[in-house]
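The lines below spell out each chain.
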Amino acid sequence: LAKTTQPISMDSYEGQEVNITCSHNNIATNDYITWYQQFPSQGPRFIIQGYKTKVTNEVASLFIPADRKSSTLSLPRVSLSDTAVYYCLLKAAGNKLTFGGGTRVLVKP
Amino acid sequence: DTGVSQDPRHKITKRGQNVTFRCDPISEHNRLYWYRQTLGQGPEFLTYFQNEAQLEKSRLLSDRFSAERPKGSFSTLEIQRTEQGDSAMYLCASSLGGTDSSGANVLTFGAGSRLTVL
Chain W
1 LAKTTQPISM DSYEGQEVNI TCSHNNIATN DYITWYQQFP SQGPRFIIQG YKTKVTNEVA
61 SLFIPADRKS STLSLPRVSL SDTAVYYCLL KAAGNKLTFG GGTRVLVKP
Chain L
110 DTGVSQDPRH KITKRGQNVT FRCDPISEHN RLYWYRQTLG QGPEFLTYFQ NEAQLEKSRL
170 LSDRFSAERP KGSFSTLEIQ RTEQGDSAMY LCASSLGGTD SSGANVLTFG AGSRLTVL
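Protein chains in written order, with our numbering: chain W, 1 to 109; chain L, 110 to 227.
Here chain L stands alone, though its shape is the one from the complex (with noise of 0.2 Å):
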């Protein structure tokens, strides 16, 4: 396992296109958060997912913003109607969750997704 990998490393969008980043989280661990950075300001949660089930969403993302994790592996972001505001990084990582909140705090993220949009 080589850890949380995130596709693609770059995009560039016109304003107004979709736009859809993927997530493979650590194999084991249950739990998936999308996190979204912009330059100076520290990671901002978007939402996060034990297992299949997204169990919370940030009420900063619109309804432009949709996650998804089928199965409880891999996880998907869509973007919608893109907007320049929408310019960030977009981070994914993981956690094994159990019932010490120790572990759930252990989070391994991936290099992230830079999505610029013109």
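Same shape as in the complex, but just chain W (with noise of 0.2 Å):
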């Protein structure tokens, strides 16, 4: 089964780039590699999806290297509303889709 590894945490500034990095070593041949955003009390928010190489949107870009184990969602000059927790989505076994914990990003002023 795919599995996704985030980090628990990250603290970032006004202005500045965030980048999240998943790990997924077991990712399936056709699998796409998709992030959301939850903020308090809502449900999870489509951010991006990639396969491989680069896709970049209005809200973020996603990097995926050839290996396809890993990948991590940029965030450009981040501001206080970005604050909230980010997932990293493979589809797993079946159509199961799995979260895992997610990495909780703290902007400050």
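One or more hints might be untrue.
Said to hold, decoys possible - Quick list of simulated restraints, FRET-style, between CB atoms:
no.	chain 1	residue 1	chain 2	residue 2	range
1	L	K180	W	V55	29 to 39 Å
2	W	T53	L	Q126	51 to 61 Å
3	L	P179	W	S74	35 to 45 Å
4	L	Q193	W	T53	40 to 50 Å
5	L	Q189	W	F63	38 to 48 Å
6	L	P179	W	G15	45 to 55 Å
7	W	E14	L	E177	44 to 54 Å
Derived by calculation from the structure, the hints in this document are not laboratory data.
Just so we're clear, the structure is a prediction, and the values are computed from it rather than from any experiment.
Even glycine gets a Cβ: it sits at the ideal position worked out from N, Cα and C.
Bring the two chains, given one by one in their own frames, into a single complex with the hints.
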């Protein structure tokens, strides 16, 4: 079963770039890597998804090396409102999409 | 379409009572998921439907939990004989699944139903 490992928490300051790395050594050939953001008392929200190399949207960038055993979510110039929990997600066996513990990002003024 | 709707948003009940949560997914989404989340933890998978068929159910889910998705539209999650350990946020999500797994991974979540068992 594909399993992800992320840092438990990260602190940053407004205006800085935040990079969160997710390890997934057993990723399957047809797995996509997806990142979600969750604020307190809300459901997770889709941020970005990729398969290989680099993907960028208006919110974040996702870097995936050639071996695909890890991925890095990059949040440029964070603000206080980016304080949240960020989850890296793979498609596990069957269709049981499994969340890990996530990374708590605290953006300080 | 306003996204995934869940009802009620909050439910307080006494131990031993039954509770039912409802989820209305995005109308064109054929896949529907139920997750449970406790404070400080990531969402925990409970069960998954493709259209009206319940295709997967977590081994962690006791027999007190049952979910249905009649006609492949809305879904209900019922917890019988609630216990204090059932207190959690119950999240519903939907997605448009196809042959390409990429779309199947993009879940749209509702705001959740928070259960407190006294």
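So, going through the hints one by one against the coordinates:
1. Distance hint check: the CB atoms of K180/L and V55/W are about 36 Å apart, consistent with the given range 29 to 39 Å.
2. At about 52 Å, the beta-carbon gap between T53/W and Q126/L stays in the expected band of 51 to 61 Å.
3. Our hint of 35 to 45 Å for P179/L and S74/W holds, since their Cβ atoms are close to 43 Å apart.
4. A hinted range of 40 to 50 Å for the beta carbons of Q193/L and T53/W is consistent with their spacing of about 48 Å.
5. Take Q189/L and F63/W: their Cβ atoms lie about 46 Å apart, and the range 38 to 48 Å holds.
6. Distance hint for P179/L and G15/W: a CB-CB separation of about 51 Å, consistent with the stated range 45 to 55 Å.
7. The hint said 44 to 54 Å for the Cβ distance between E14/W and E177/L, and at roughly 47 Å that hint holds.
When the structure is compared with the earlier hints, no violation turns up for any of them.
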